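Trainee: The task is to assemble the complex, starting from two chains supplied on their own in separate frames and drawing on the hints.
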Amino acid sequence: MSDRVLPSRLGRPTPLGFVLGLAVVAFVIASFTTSGIAPDKLSRGIPALGRLVEQMFPPSAERLEPVLWSLLQTFQMAVAGTILGLAFSLPLAILAAPSLSPHPALVWLIRSLVALFRTVPDLVWAIVFVIAVGLGPAAGVLALMVDTIGFAARFFAEAMEETDKGPREALTAMGASRSGIIFSSVIPQALPSMINTSLFSLEKATRGSVVLGLVGAGGIGIELKVSLEMFDYDQAATIIIAIFLLVVAVERASTWVRNRIL
Amino acid sequence: MNVAVTSFKPAAEANAPAAITISGLAKSFRPGRPVFSGISFDIAPGSIVALIGANGAGKSTLLRCIPRLIEPDAGEIRVLGADVTEASRALRQIRTKVGFVFQKHNLVGRLSALTNVVHGAQARGLGARAWLHALAPHAVREEAVHCLDRVGLAAMAAQRADQLSGGQSQRVAIARALMQHPDVVLADEPAASLDPQAGDEVMQLFASLMREERKTVVFTSHNLAHALSFADRVIALGGGRVMLDSPSSRLRESELRDLYV
Numbered sequence: 001m002s003d004r005v006l007p008s009r010l011g012r013p014t015p016l017g018f019v020l021g022l023a024v025v026a027f028v029i030a031s032f033t034t035s036g037i038a039p040d041k042l043s044r045g046i047p048a049l050g051r052l053v054e055q056m057f058p059p060s061a062e063r064l065e066p067v068l069w070s071l072l073q074t075f076q077m078a079v080a081g082t083i084l085g086l087a088f089s090l091p092l093a094i095l096a097a098p099s100l101s102p103h104p105a106l107v108w109l110i111r112s113l114v115a116l117f118r119t120v121p122d123l124v125w126a127i128v129f130v131i132a133v134g135l136g137p138a139a140g141v142l143a144l145m146v147d148t149i150g151f152a153a154r155f156f157a158e159a160m161e162e163t164d165k166g167p168r169e170a171l172t173a174m175g176a177s178r179s180g181i182i183f184s185s186v187i188p189q190a191l192p193s194m195i196n197t198s199l200f201s202l203e204k205a206t207r208g209s210v211v212l213g214l215v216g217a218g219g220i221g222i223e224l225k226v227s228l229e230m231f232d233y234d235q236a237a238t239i240i241i242a243i244f245l246l247v248v249a250v251e252r253a254s255t256w257v258r259n260r261i262l
Numbered sequence: 001m002n003v004a005v006t007s008f009k010p011a012a013e014a015n016a017p018a019a020i021t022i023s024g025l026a027k028s029f030r031p032g033r034p035v036f037s038g039i040s041f042d043i044a045p046g047s048i049v050a051l052i053g054a055n056g057a058g059k060s061t062l063l064r065c066i067p068r069l070i071e072p073d074a075g076e077i078r079v080l081g082a083d084v085t086e087a088s089r090a091l092r093q094i095r096t097k098v099g100f101v102f103q104k105h106n107l108v109g110r111l112s113a114l115t116n117v118v119h120g121a122q123a124r125g126l127g128a129r130a131w132l133h134a135l136a137p138h139a140v141r142e143e144a145v146h147c148l149d150r151v152g153l154a155a156m157a158a159q160r161a162d163q164l165s166g167g168q169s170q171r172v173a174i175a176r177a178l179m180q181h182p183d184v185v186l187a188d189e190p191a192a193s194l195d196p197q198a199g200d201e202v203m204q205l206f207a208s209l210m211r212e213e214r215k216t217v218v219f220t221s222h223n224l225a226h227a228l229s230f231a232d233r234v235i236a237l238g239g240g241r242v243m244l245d246s247p248s249s250r251l252r253e254s255e256l257r258d259l260y261v
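Protein sequences, first through last, are from chains A and B. Take the first sequence: its letter number 143 is residue 143 in the numbering used here, and every next letter is one higher. Take the second sequence: its letter number 14 is residue 14 in the numbering used here, and every next letter is one higher.
Quick caveat, the hints were computed from the structure, so don't treat them as lab data. None of these values were measured; they are calculated from a predicted model. Incorrect hints may appear among the rest.
To be verified - Some chain A residues judged to face chain B by a derived CB distance under 8 Å, without partners named:
(1) G45
(2) A48
(3) L49
(4) G50
(5) E169
(6) A170
(7) L171
(8) T172
(9) A173
(10) G180
(11) F183
(12) S184
(13) S185
(14) P188
(15) Q189
All C-beta atoms in this analysis are idealised placements derived from N, C-alpha and C, irrespective of residue type, glycine included.
With the rest of the complex left out, here is chain B (with noise of 0.2 Å):
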């Protein structure tokens, strides 16, 4: 390994609080061998930071434990200035303001797509009224249209969410996650599952539309090239421990290939 592990401290973090604190988290699936450990930053609000390592390095696990999908082992964890590890009652306050978008986008195929980004209004305590676009006030079904437009996919509202291709069931799921109105943004792979060309236009999308938003963002990719040119910030995991952390600036794809070796 040929790559100093530096650690990269964002002059917004000076001024504002973090958007996201993690300090001395662990997690491990069996005894003894730990998916990581020691693991922490801080995430400065309205930054994008990519998540990076090789398969196994826990980039997955780290982005679920942040909105506690997954329970840590140990540590601490703060979103929005919430302690989430502590958070029993309040974890579902704390999740209304987190956005998750899935690898496979996670969307309900036999519901519309237009109910399925009615859904995101959920977190906004609209309880029934946002099962179902039908049962859903005007202004909320008129909100959902206006977030498929702005993924390019009003038209296709009707459609079932099963009878859209890859790139468009993730464009609904991003489109699901503005409808949360959250500040902060976690994305697993987002174009994992999506050949190259449609893998590019959903980062460019998902990048485009958060930065407008000012959304707080992580994302996990295996695409070097994504993780600089959408982030701000490059975190990458392996063997455990957060092996560098510097501003995608500053960095360059081939000593990011090293990490992989």
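Looking at chain A on its own, in the form it has when it is part of the complex (with noise of 0.2 Å):
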């Protein structure tokens, strides 16, 4: 007779995992009370749902001039959002690479600040600019640079501090300078990442900037709002289309040059 035993399939809970498990349950559970998710308010809301979708069509073309041109200025935002916030990422996430930052203290404040602009939404800073620098695109192009840096900055840290680390102590053996070791070893070797992180936040930033309109901050997103106040649905439909046509282009552009490049 051997004295092998079989492992249970699922280890004996401890009291303190029991109760951590329960608790995480009735969290679950007290989430969906809390949110209202019922089924008899689904069962009203998919009704009241096709109703709107036959209001929205046929889509309506008479605005789609008007409609066009605020796309160019939506996704114009996009790209000038996108552009300013990865041209302050770089300089951000050279501090906030531990390896590659003058001090420790710079790593921690740089990281804590990039970590301020990635946690609160792109809305919220578009409401904030929209009252500092008024209503309009500009506010919409710094909420959108500001998303960037907190997305871009990060990732571009991240990137450098995987570089391998051999060809930046060849650099510092023959007495480069820093700005030397950072520009000719550990940017070309974090380039491919760096062009990855930079169009994912194109993409990011041409979603994010339809609905900064919303809160007055420019671009097709007050289209939107306004076509739905006024139940011109049909409009909103021209204008929801129009949204969907511009981020599928930009995403299959952005995958087009990532295939082209890396």
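Mentor: Here is the structure:
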């Protein structure tokens, strides 16, 4: 008779683990209750959604020209916001990368700032900049810039940290300057990842720029808001289709560029 | 151990100041377990010295201590008369005169062989003009191609470094060191990651270029034949100290092999 014992499939939970598990389950149930998701509400909502879709079709081409101009402005906001954001992200990423930054305190400070930029939603930044610089696309561009920094600076810093330290050591050994080491060893190695992040930033900014108009920060969002408030659902459908086509086009173009370059 | 510890003092040292002076050098990575301690020797200008020893003897650590890529715990290092151990702002200036060829060549793979060689000119204060070959002045680009030509790779100047073979990459690393115009060249097992034939070719090329340029060279190696063929002097490390220091002409391979026992 062998003394081998087959281990149980699931480990026996500790008392603390059991209590924590129960707490998580209770919190999930409470979350559904608080948010008011109930089958009767859903059953009432679906026919209303059907009526809305019915009123949206066929989409109206009545205001197609101004819609397309707004769409162009939206994309331009995304491009400007992304370029500005990426331009600030590069130096911030260098300061936030522990092996490149001149001081550990600076790493902590910059990482905290970038985390703040990232955790506050772009819509909130748009409201802040509307208050600061007034209604219009400038507020939208600034909001997208801050949002891009929050995203790109973090990934740029990580890409730089992950580069092979060997070439860096070779340049250090020959007495190269800090900027020489960064620009001739670190950035060339991190470039594929940085290009990838930049393209994702543009895609993200394009999606983000659409809703910024809802708070008066320029772009096509304001057109959508007005159409919905005036119950012009057929015009709203045109705007939604236009937004969809823009986002898909940017994503496709971005994928094409990524495949060509990387 | 049946090898007597000898101390070699080259005749050249009597007249010319040493290119490298190491006195009482010590380094440990864990308290109470020194990699080596009390290491002292001088290296005459223009000489080629092989540093040998078993794995863990501290050859690479000692070599990296010379330009302070690793900080020594105690002792003094002088390179071309300058005190490396005490240098702070001057350290970069001292390093510009010391070329370093690494075992794994340490090239930037995504950049061309030419740009990697141009990087060597960063030691000469070219700043941003030596970041990429496209930014470099015509004379620097010409010189970089000439350096590649000397290692037999001028035709591959535009090739990405990560598309080169191990031997070719190490040749580019040697060209980068030449581009630096150093007085001293340190090489950490430059042939160790190559197959025997490529390793022999790279060492042959490295030693002949260094002799031609009259550089002071210290290289580490596990290959005793390389140590005896290409070096004027062999220093063996073991047990945290210098076990042997002798002109290579007075040594036999079997004698050195005993050091590994």
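Trainee: Now tell me, hint by hint, if it's right for this structure.
Mentor: Against the structure, the hints:
1. G45: Check failed: Cβ of G45 of chain A comes no nearer than 53 Å to chain B, outside 8 Å.
2. A48: This hint is violated: A48 of chain A lies away from chain B, its Cβ roughly 56 Å from the closest one there, beyond 8 Å.
3. L49: violated (51 Å)
4. G50: It is violated, given that the least Cβ distance between G50 of chain A and chain B is near 54 Å, above 8 Å.
5. E169: This interface hint holds because 6 Å falls under the 8 Å limit.
6. A170: holds (4 Å)
7. L171: Given a least distance of 6 Å, the restraint on L171 of chain A holds.
8. T172: holds (7 Å)
9. A173: holds (4 Å)
10. G180: Where the cut-off is 8 Å and the nearest Cβ of chain B is about 5 Å from G180 of chain A, the hint holds.
11. F183: Holds, about 5 Å.
12. S184: Cβ of S184 of chain A sits 4 Å from chain B, so the hint holds.
13. S185: holds (5 Å)
14. P188: At 5 Å from the nearest chain B Cβ, P188 of chain A passes the 8 Å test, so the hint holds.
15. Q189: holds (6 Å)
Of the numbered hints listed earlier, those contradicted by the structure are 1, 2, 3, 4.
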